[in-house]
Amino acid sequence: PQLGVRTALAGLVLALVCLVPWASAQAQVSEADVFVAEAVLAIDDKQWDKALDLLRQALARTPGHVEALYYTGVAQLGKREPRAAIAPLTQAYQVAPNDPSIAYQLGLAYFALEQYDRAEPLLESVFARDPTLPSLGYYVGYLRYRRNKYEEALRAFRASQTSDPDIAVLTRFYAGLSLQKLGLGAQADAEIAQLR
1 PQLGVRTALA GLVLALVCLV PWASAQAQVS EADVFVAEAV LAIDDKQWDK
51 ALDLLRQALA RTPGHVEALY YTGVAQLGKR EPRAAIAPLT QAYQVAPNDP
101 SIAYQLGLAY FALEQYDRAE PLLESVFARD PTLPSLGYYV GYLRYRRNKY
151 EEALRAFRAS QTSDPDIAVL TRFYAGLSLQ KLGLGAQADA EIAQLR
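Note that the sequence shown ends on residue 196 in our numbering; no numbers are left out.
In short, the hints are calculated from the structure, not lab data. A couple of the hints might just be wrong.
[Unchecked claim] Calculated pairs, SDA-like style, for lysine to any residue (alpha carbon to alpha carbon, straight line, at most 25 Å): (1) Lys46 with Thr162; (2) Lys149 with Ala87; (3) Lys181 with Asn148; (4) Lys79 with Thr62; (5) Lys79 with Arg56.
Use the sequences and the hints to build the structure in full.
Written out as structure tokens, the structure reads:
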């Protein structure tokens, strides 16, 4: 059965490669790509250890596989092990420094470790491209708030979009604090009142 799944995934990956207009005519699906595709499914199901095992297999076959490195970092973050996420995400970032997904995840790993000076340039660069990425506005706003840049923090909090209720609460809370620091007490009170 597992071989059947791999074959089906390989077919799917091959079909996607053929449909993508910018894909090289020489593009081939490697065995590592199939392991990565399976790992993505495991990540979607929050099966972090299974995903990491599949990604190890992908990297054993193709060391430096950018997607395998990226998803290794994502799975480590899913396991709440940001320290373990740094190395693979850094490797992926070195290969693809303009990829906003990699920069975002690496920034989140540094943020989780409270290495804010390392997180800030990564998250700010992603925010400059797409401020509507899920929860990004909170992280950027918090980093700006820490630097006493209250107006800029407020702009980031206002741009924040998230489906995570905890991030939504933190965003409102820090938006309220930013308003208070800007001397807008009534607006701050209104913002914080929405938390109740």
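Okay, the hints, checked on the actual structure:
no.: 1; hint: Lys46 with Thr162; in the structure: 19 Å, holds
no.: 2; hint: Lys149 with Ala87; in the structure: 31 Å, violated
no.: 3; hint: Lys181 with Asn148; in the structure: 9 Å, holds
no.: 4; hint: Lys79 with Thr62; in the structure: 24 Å, holds
no.: 5; hint: Lys79 with Arg56; in the structure: 16 Å, holds
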